[in-house]
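Peer 1: Just so you know, the protein sequences line up as chains A and B, in that order.
The numbering of the first sequence is the working numbering, which starts it at 1 and goes up by one.
The numbering of the second sequence is the working numbering, which starts it at 1 and goes up by one.
It is possible that part of the hints are untrue.
In this list, chains with the same sequence are indistinguishable; a pair is considered to hold if it fits within one copy or across any two.
[Stated by the list, open to error] Result set (SDA-like, lysine to any residue): computed pairs, CA atoms no more than 20 angstroms apart in a straight line: (1) LYS64 - GLN216; (2) LYS149 - GLN82; (3) LYS78 - HIS14; (4) LYS31 - SER233.
Calculated from the structure, these hints are not laboratory results.
2 protein chains.
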Amino acid sequence: MISKNQIKYIQSLHLKKNREEEGFFIIEGLKLVTEFIRDGSYKIKEIYATSDFIEANEDLLNSKKVTFSEITPEELKKISLQVTPNQVLAIVEAKQNRLNLQQVATELTLYLDDIRDPGNLGTMIRIADWFGIKQVICSKTSTEVYNPKTLQASMGAVLRVNVIYKDFSELIKQANGIPVYGAVLNGEDLYRSNLQRGIIVIGNEANGISAEVMKQITHAITIPAAANNGSESLNAANACAIICSEFYRQLTYLS
Amino acid sequence: MISKNQIKYIQSLHLKKNREEEGFFIIEGLKLVTEFIRDGSYKIKEIYATSDFIEANEDLLNSKKVTFSEITPEELKKISLQVTPNQVLAIVEAKQNRLNLQQVATELTLYLDDIRDPGNLGTMIRIADWFGIKQVICSKTSTEVYNPKTLQASMGAVLRVNVIYKDFSELIKQANGIPVYGAVLNGEDLYRSNLQRGIIVIGNEANGISAEVMKQITHAITIPAAANNGSESLNAANACAIICSEFYRQLTYLS
């Protein structure tokens, strides 16, 4: 059962404005919700699940002592943002992640400069997770990590990657002297660069890295295109994947 | 001006069934449409454009002798699939691309085994284009290249990449003896593999490479994940980007 007021409240969390005011966000679907329950690093306020979900996950629900309400598939449809809702929706308390400066100084960090597409943001958090990058710092103009599309695309990587919102000017004041690699169209060949630990900057989908951040780039790098191809660019998330892969390869296999 | 019948016809092309029956598809937006006009490899049946587009592209329209109708932004909204239509929509004649077997034997080829998401398909065609892969062969179960989302995500790469639908069993009969690399979860480390020209197989977003195609894989390769990360996989398009990048690097820089 779910009351009209609860439905209204959950629907209000479909909007960023309300998520920020309330300090709560929504996750959906069997895989994402069970991962959040198991992980335990986020406080789950409430779970709304169909009987299928509750039966199949009884042990998990009991062991983690999360409160849940059984709802019908019709009720789930009302509160879900998905075309085909998948058994369960949960309300989760937002966290204010803090920058780990020690990690910025000694490990690889991803900086996302004005990434606007939630799917791209989520995918890039997933890429960071894959390659062991523990911090993704987003410019304050970037899209929201708690957007349902970001969470969906991240496939649970938000549980393991520290996502922080911080303008680059602020970051660089604290991270002075750390190499800053920027993905641009006319930089040094990625594969020929001697890549070291530092900050990798990925720019906006349409406009690339902003002028303000460009000033702080110490190494402009480019994914070389094959000769005579006609393409102008790669999708930001794909570029991010290729660059993180090459950093990983050089740092793991060549050092 | 656009007639009611024309609106109805264009709207019918929003559906795959009708695109296949009619042999026409739709492209939208300033960038994609001008690229198709300039390229000339596809026959454009009709262009519906706002006055803004026509004024800005007068020379192009005249030089290429394409027929166009001026429509209002309101009319464009009626025929468009986009939330924010961008000046122009064109109806284009579909092509039956033919496999270039010589190219399969001597160059790198991408095989997409049951890729279902149109955005993923378009992105992977764009990746192929970037790295100079001239042929992308899709299983017949894969999504349609003329889906508007595929075309949008490909960013015009369909003009340069030969996209063909062919089941793997058919392909391998003709391409016998060519190395077949499959992206799997427990294969040889991508970065330690000695990559050669051949066919790269990317599998379905949820289920990976099908059992049928797996039998034909001669080299199972894996993108290694960082130790102790919790992630299970990368998005299919990102995996494709990383693998194509590493093939490109080895074939271009190490040979």
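Peer 1: Determine for every hint whether it applies to the structure shown.
Peer 2: Hints, one by one, checked against the model:
1. In this assembly of identical chains, LYS64 and GLN216 lie within 20 angstroms of each other by CA distance neither inside one copy nor across copies; the values are 45 angstroms within and 45 angstroms between.
2. In this homomeric assembly, LYS149 and GLN82 come within 20 angstroms of each other (Cα to Cα) both inside a single copy, at 10 angstroms, and across copies, at 19 angstroms.
3. Taking the closest pair of Cα atoms, LYS78 and HIS14 come within 20 angstroms of each other only inside a single copy of the chain (12 angstroms); across copies the shortest separation is 28 angstroms, beyond that limit.
4. Taking CA atoms no more than 20 angstroms apart as the test, LYS31 paired with SER233 passes between copies only; the shortest distance there is 13 angstroms, against 33 angstroms inside one copy.
The structure does not agree with numbered hint 1 stated previously, though it agrees with all others.
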